[in-house]
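Asker: Assemble chain B onto chain A, guided by the hints.
Chains A and B, in that order, are what the protein sequence lines are. Using our numbering, read the first sequence as starting at 15 and increasing by one per residue. Using our numbering, read the second sequence as starting at 15 and increasing by one per residue.
To be clear, the hints were calculated from the coordinates, so they are not data collected in a lab. Please read all numbers here as calculations on a predicted model, not as lab measurements. Check before you lean on any hint, since a few could be wrong.
Since the list gives no way to pick one copy over another, a pair counts as held whenever it fits inside one copy or between any two copies.
[Unchecked claim] Once the Cα atoms are required to be at most 27 Å apart in a straight line, the calculated DSSO-like pairs of lysine-lysine come out as:
hint, residue 1, residue 2
1, Lys313, Lys98
2, Lys301, Lys98
3, Lys313, Lys196
4, Lys46, Lys32
5, Lys246, Lys302
6, Lys21, Lys64
7, Lys64, Lys98
There are 2 protein chains.
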Amino acid sequence: MKQNIDKYIIGMDIGGTKLATVVADGKGQILKKIRKSTEAEKGAEHVIDKLCDMVHETLHLAKLTLDDVIGIGVSFGGETDTRKGLVYPHLPGWEAYPMKGRIESEFNLLTIIENDANAGALAEWMFGAGRGYDYVVYMTMGTGIGGGIVANGQIYHGANDSAGEVGHQILLPDGPPCRCGKHGCLEALCAGPGIARRAQEAIRKEPDTLILELADGDIDAVKAEFVVESAKQNDPIANRLIEETGFYMGWGITNLVNIVNPEIVAIGTIAVAAGDLLLNPIRDTVKKLAVRRAAEVVKIVPAQLGDLVGDLAAIALVIQAVRKAKGQGGKRAKG
Amino acid sequence: MKQNIDKYIIGMDIGGTKLATVVADGKGQILKKIRKSTEAEKGAEHVIDKLCDMVHETLHLAKLTLDDVIGIGVSFGGETDTRKGLVYPHLPGWEAYPMKGRIESEFNLLTIIENDANAGALAEWMFGAGRGYDYVVYMTMGTGIGGGIVANGQIYHGANDSAGEVGHQILLPDGPPCRCGKHGCLEALCAGPGIARRAQEAIRKEPDTLILELADGDIDAVKAEFVVESAKQNDPIANRLIEETGFYMGWGITNLVNIVNPEIVAIGTIAVAAGDLLLNPIRDTVKKLAVRRAAEVVKIVPAQLGDLVGDLAAIALVIQAVRKAKGQGGKRAKG
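Excised from the complex, chain A in its bound form (with noise of 0.2 Å):
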């Protein structure tokens, strides 16, 4: 049985528009939370003052002080090279930003940086759907399709922290354009805005459907969200555009699933939305097309952290350092 951590851990989950900096215990218990805009804008140095201020307001509300801390857990949202401790927002003074370090000399504390989605998988296999399981997938399926993967209790970085990048994959080298500036990724078929363009396109042929009343009409205030809730009620064009979707997903997943050989595939936000109108399809694909032994041994679920997963992640870098530096970080952890 695994020795609790005896003292606190804050996170800081750093997106594009949104910062949070969260206290919790050591068995991943949120106490205090506090959230703020980034202002990306005003640069680094901004941000992360900003960011060191929530942290003593954090402590403030939680009545504790540094003391009680053993470590910050930093979850940020764009790239990162964890061996220097950089990050990279692709934002105006932010290029390769030495953001473990300038926190680190801050608080004179540990501190362990890690891109969003590594870290988010590493909170589902602690704390969420992955619970229990040596090898696990989390993908984000949101705004863009982001991947970690977590094998025997461990983030796999890969050479250069580029790894679990299963959005990028290639799909339909001829498909629709990617924000990544490539085309037919899966982001750029089953991300939201993907969905989006997919429905607008078939829209367009065949206006009655319950999307577009959900948009009021206005077929560029089409959204993923309406395409969901539209199959939810069955609407048969909303209901052929999820079926499209989970085959795409499946066909990703495939790939994904052949190379990785995980037992659990969490996805977030539109699959936990949509539940099994879209994961049935998604298994589906993922049964017919995926390596046999591979598709027998995976389990493809919803995430199960919701909006808690950014916190979460955070403090899961801390827990599993500890955990690591005592011993206990290898298999089949049960928080």
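Answerer: Frame of chain A; chain B shown alone:
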């Protein structure tokens, strides 16, 4: 610096048609080797008895006894369950055969069994194209396309030893049938028979090509090696087929690179024979299609071990197991 292994290692390379046993020293230098036909149709026990005889014979040739041996590595040409020590060759009398236990009890020696593509990846990491790198993928490209992943000196097995099946990712769901039962797998397009099939289709439209001459005018006798040979002699149809093969391979490797983020992708047989003629279009495609940071770090190279890969695969398994037991199994091993 790693301590040398001062005992000898037995390797078994078990293929569908051929068996080999080798004895090597602790540095992987092969001293003696015996080859025989598998005669798989005579059943598992017959093959194992034959292998055991071959082991004694190989040791005898090398003037060694079992007392000089530290372990036996088995590179198996089929599905394995490395946790339970089973193999699944899909032959009569072989279903879920307990090969590890059978060989261990015969010789009372440490025995490691592994799928041949996984073991080949370990060998390329230890002795070949992946030497000095932490994240290495090895792809076979012969009658099929298989794959193995080595991360930080360990074979990445996945949940049930099915990881690395890069050849059965789906590129064209409505594409040509694959021997796995699906359609449009990378293997169906780019393994030897897939290249031959595409060549035959091309020749039916444009029969004026060196490829057909090399097949003595018999379209049914067209093989991938004639396509490679003709492309080397600048035959336009062969050039186009190799370009197309490079595109499909590059597309499949893009998906692999985005998910696994390796430093090295080492490709065997056909890629070795074709060299840059095939590797350059693969590299161009990966550079164009893969996620930027993953594309920046990866080198796509011919495998280096050639016909030795099967022998060294078996030997590498034992060397790595011994190193691991000594706490030396980790990163950037230099052999």
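Asker: With reference to the structure, classify each hint as holding or not holding.
Answerer: Cross-check of the supplied hints:
| no. | hint | in the structure |
| --- | --- | --- |
| 1 | Lys313 x Lys98 | between (35 Å within a copy, 22 Å between copies) |
| 2 | Lys301 x Lys98 | between (40 Å within a copy, 24 Å between copies) |
| 3 | Lys313 x Lys196 | between (30 Å within a copy, 21 Å between copies) |
| 4 | Lys46 x Lys32 | within (17 Å within a copy, 65 Å between copies) |
| 5 | Lys246 x Lys302 | within (25 Å within a copy, 39 Å between copies) |
| 6 | Lys21 x Lys64 | within (24 Å within a copy, 61 Å between copies) |
| 7 | Lys64 x Lys98 | within (23 Å within a copy, 53 Å between copies) |
The structure shown violates none of the earlier numbered hints.
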